[in-house]
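Residue numbers (this note's numbering), protein chains in the order written: chain A, 8 to 97; chain X, 8 to 97; chain P, 8 to 97; chain W, 4 to 380; chain B, 4 to 380; chain V, 4 to 380.
By construction, these hints were calculated from the structure, which means they are not laboratory data. Among the hints, a few may not be true.
Restricting the straight-line Cα-Cα distance to at most 30 Å, the calculated cross-link-like pairs of lysine-lysine (DSSO-like) are [as the list claims (entries may be wrong)]:
1) V:139 with P:46
2) W:314 with A:50
3) X:50 with B:314
4) W:196 with A:46
5) V:317 with P:46
6) W:341 with A:46
7) W:139 with A:46
8) X:46 with B:196
9) B:210 with X:50
10) W:106 with A:50
11) X:46 with B:199
12) X:46 with B:317
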Amino acid sequence: MNNMQQQFLEAGTLMLAGMVFVFVFLSILIIFINTVLAKLAIKFPDPVVVPSSRTNKKSNSQVAGKVSPAIVSAISGAVKRYRAQHGQAK
Amino acid sequence: MNNMQQQFLEAGTLMLAGMVFVFVFLSILIIFINTVLAKLAIKFPDPVVVPSSRTNKKSNSQVAGKVSPAIVSAISGAVKRYRAQHGQAK
Amino acid sequence: MNNMQQQFLEAGTLMLAGMVFVFVFLSILIIFINTVLAKLAIKFPDPVVVPSSRTNKKSNSQVAGKVSPAIVSAISGAVKRYRAQHGQAK
Amino acid sequence: MDSLYTLWLSTGLANFELGQVIMMVVGCGLLYLAIARNFEPLLLLPMGFGAILTNIPVAGFSEAGGLLHYIYYAGIDTGIFPLIIFMGVGAMTDFSALIGNPKTLLLGAAAQFGIFATLFGAIALNYVPGIEFTLKDASAIAIIGGADGPTAIFLASKLAPELLGAIAVAAYSYMALVPIIQPPIMRALTTDKERKIEMAQLRPVTKIEKIIFPLGVLLMTIFFLPSATPLVGMFCLGNLMRESGVVDRLSSTAQNELINITTIFLGLGVGSKLSSEAFLNVETLGILGLGAVAFSIGTASGVLMAKLMNKFSKVPINPLIGAAGVSAVPMAARVANKVGLEANPHNFLLMHAMGPNVAGVLGSAVAAGILLALVGT
Amino acid sequence: MDSLYTLWLSTGLANFELGQVIMMVVGCGLLYLAIARNFEPLLLLPMGFGAILTNIPVAGFSEAGGLLHYIYYAGIDTGIFPLIIFMGVGAMTDFSALIGNPKTLLLGAAAQFGIFATLFGAIALNYVPGIEFTLKDASAIAIIGGADGPTAIFLASKLAPELLGAIAVAAYSYMALVPIIQPPIMRALTTDKERKIEMAQLRPVTKIEKIIFPLGVLLMTIFFLPSATPLVGMFCLGNLMRESGVVDRLSSTAQNELINITTIFLGLGVGSKLSSEAFLNVETLGILGLGAVAFSIGTASGVLMAKLMNKFSKVPINPLIGAAGVSAVPMAARVANKVGLEANPHNFLLMHAMGPNVAGVLGSAVAAGILLALVGT
Amino acid sequence: MDSLYTLWLSTGLANFELGQVIMMVVGCGLLYLAIARNFEPLLLLPMGFGAILTNIPVAGFSEAGGLLHYIYYAGIDTGIFPLIIFMGVGAMTDFSALIGNPKTLLLGAAAQFGIFATLFGAIALNYVPGIEFTLKDASAIAIIGGADGPTAIFLASKLAPELLGAIAVAAYSYMALVPIIQPPIMRALTTDKERKIEMAQLRPVTKIEKIIFPLGVLLMTIFFLPSATPLVGMFCLGNLMRESGVVDRLSSTAQNELINITTIFLGLGVGSKLSSEAFLNVETLGILGLGAVAFSIGTASGVLMAKLMNKFSKVPINPLIGAAGVSAVPMAARVANKVGLEANPHNFLLMHAMGPNVAGVLGSAVAAGILLALVGT
Ligand code: NA
Ligand code: NA
Ligand code: NA
């Protein structure tokens, strides 16, 4: 058996072993998701957030009409950071 | 004197020396604050900022009514940064 | 020729060579700008952005009257970042 | 006069070699692709710049004591930079689409055939006179088919450092070309009816699933393929920081400043391997040629796998999303979406394609681990 | 077949040792504490992850050439990471409350008794068969009583690197447990009347005081305890950057990106010391046991010192703020505030407790310096 | 008792040497300049702090294993930190004013006479007993005249590391003094009429010009002066990241977090060279004296060159902007603007002065390259 033939054999084995392994690995992952994760999802559901239309409205009106203190502080923080970033640095 | 006894002696000395040192050190720091810093505070008081109700009102109305250019630029800066941060990176 | 004299000679040569080089280098850069860059500027002009008074007005009124969703999201992003930055870190 | 002569001797003009000039042109070409054509600019811009710097005569950027020498040996030879990037990518990745439709993992698996077919191709190139790829070389080249930059750089730095430059250039160039390479293959392998398939909405994924998922992936990698744990581990660390919700400041830094800093230096360091000796040879041509083939085969494998799955699955799968299995996140998913919209203007495949897309990242990392385990010793 | 056998030999399953499995479970436990219980997640999450990675068979994360090996030797063995963290903490610390009421420094001093009592306890543990702590080991363990993570890591890396993992785990776990450990002790040692004491408003502190303070602290440390200057010096540098007001961009980076990047790698590096040989022994149990004792003694010392000061001081001190002297900033101060509110709903102790709280940080750094000076040679 | 004696022996008080005390006072002086006088605080604050730390007896900050030792050898001895800073400065620099009025490059060239005149002066100082500057030393000192911090640190670290501390102190101090040093010279060399000259509006500069410019500068440096390519190359990389518009996240990081982190460590590392042996000698006085002369000559050369150009140019040039050729961006340009406004309240020279100002940065880097090429071997 010459050298090239042997290399092809090795490459072929690698291809076979590799593709089998990749498929087996990701298939086990599918099983993991369908069993473990699915069970966990049922056992520990996300807390239900009631999208209170009241607070939503409020936050809309906040933006439209007057701005809440948190937003003001965020804006002033942004201004501060903006200035800090554009100061001299050399 | 056996080995354990000697170790206890060393540990006891360390404890004594250590606690004395910590107390002396932080006590000197108290003196430093009460003398040096106190004098400095009197000699170099913070500049008094007159909380001009005028500018305050103005800045309030700015937020409520119309937004100052600085804030607009900060917001647009934030938008820009937001986009930059959420661009592709890989 | 003594040592100091030789050093002065070397320093003088350095000065001459250096200044000539700096001038030649930056002069070539002038030529580069005046030829290559100038031609490129003509060949690839910046796309003309029509400063549509319409969109300008709109963006002004946005800021003055109600705030656009992009800005809202930027603000909420800023709030978020602000909180993240001020969390405990030690 | 002496001084002027010394100055002349120290100029680039007096010391240029032809290979260096050509490599600088190559570097400028990469800059052009990055800036004018928007080809993966985050990496190709610093890489092209690094290629220029490393080929400057006299300056010695990549010799002992030079800047690029430090960068390469501290960050790339050690594997640290690609791993930090991978952590950042993990912190950017949302696995919801994958967890919501786990079958898409098979599409990500199938697309890895691009890697192993390329390995075969690289060995076949040994018939060409002047090319002599060892199995290590072939494996490093093959990973281009994974369409994942950091994985390719990491593997090449371990298996075939002398080919690193060419491999990185090929990987990133073809990743940028995904919108051009993939659509014809996708159209050729699917019927109009298949392309019109609408997919069911994804089920909502809970927080606990997203937290446990990276740990599960890591655990499986530890059990079955420890050689892939550097890549997969750092990726999962980043993803866990993201999903846990308790270390947002770390997650944000990993996604932004840290990955940006590392990207600059990674690009420069990879560029420093673009010397004329390492790049200007027939092997590079072979690598560039194989890269195009690799992407095409990966794309085809993904699409064909999706068609095969449709024969067995009750829930229909649009075969176009199979093409996203090659990774190249999120470009390949966008391509799937775009080709889908051409066939059915109401069919938004983007979210569905994100599943195979991130599955492809895992698949490539697994494939890299296999190659490391089997030929890396 | 050969290839498959090689692949099998390279799997984790074929190479696991029991100790590694147990240490991975320990790592998962740390992740659980970090994510589900919010125990100091910024450090325990990367630390737990590092513990998992370092125990993966075959992968060699902590062997020469491995990622964690580089991180540990570049950042922790050299002491650089804890010092950078300390600079960032300094940039986050506001000394106003301390300067406004300097007597609280005595509370921070008293709480350090937790350290030296633990030192005694660690030596006493030598009576237990299988435990053999040298004076260096005992000193490194004792610093857990300082309730300050970077200080503990810094000292342990200098005095007892092989115990670093256990010490860091103990230090951060008990710091997270401060809200559970402290209140019973505080209630047991104080009367209801004492807990109701309202404290006078703090005097305003000027800018010049806040600028000179870190320099004064550094100067005193230089004069009396040079061995503490790495810790105290970097802390004061951070604080000076904050208070000087002229280098806001450096201060901001020290408080954010730089400390975040360093925290990720510090956690991973510390986690890499959680190998089974170093952790799974009776000494670790001793360290964990001593840690709980250390915190309790420190808390009690602080409270009792406050009661003692009340006998001599004209201005009354609420003894609850003495418990904040253990550091664990800002958790211990919040605990003092909370217990105080239970007794007197109008009594807000938070600002007053910040004084002993930051004093505790200085006190621990001083104590670390003493231990380094006396047993570190 | 033994223990107390050991503790005493380990105190700073028992080990101080006079030189160390003096150098700490120098460090405090730098902090004073930075904080109270706002002299280049971003570098002088960490540098002054580093000077204090390095002179602490016993602590060993700059000995093997010490923090400053690591910082110096990893970042400054290698040249990495100044180069990273230079990349960030490049990302902050807008060349529009220069491209719009390229003649101002000649002003930036003329101002470099400050460098070469200083070189002459440094050699002349050898007449002073106790001073013995080699040509390398003299070259490193001369670069102060370039008024560019990172360039000075880079060149000094290559040519005369033992003078690095004094050179950096001189360079940054005089840069901060630009608003005091320059105006009298500018007024003395110009007539009121000249100062009133209004300059034509700059032509608009297109995006393509701004992208090609850094590449052109790099190309010329490669051709004519490879020894300057580390500085010029990193500068151009930063500028290309900025102007290309395709890697905004990298450009932003280079301008902010990365340059901030590097600045902290660069300052500390440079400060670590302020030991008494290296600083407390007559050579330092010579360097400080030469620095003032260098800035003055550079300023004068720029102004005189502008006057000379006015004799030949059709478009009038206000000679005040010639003073901005010394670099010291953007301070020198602001000074030109301010002096111009005194003479003509409607004359805003700021944008016009930015041309020679950034030209001065290039000019200094070129001059540094020449010195490296001619005396650096
Ligand atoms: Na892939
Ligand atoms: Na403490
Ligand atoms: Na200059």
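Consistency of the hints with the structure:
no.	hint	verdict
1	V:139 with P:46	violated (43 Å)
2	W:314 with A:50	violated (34 Å)
3	X:50 with B:314	violated (34 Å)
4	W:196 with A:46	violated (36 Å)
5	V:317 with P:46	holds (22 Å)
6	W:341 with A:46	violated (35 Å)
7	W:139 with A:46	violated (43 Å)
8	X:46 with B:196	violated (36 Å)
9	B:210 with X:50	holds (12 Å)
10	W:106 with A:50	holds (23 Å)
11	X:46 with B:199	violated (34 Å)
12	X:46 with B:317	holds (23 Å)
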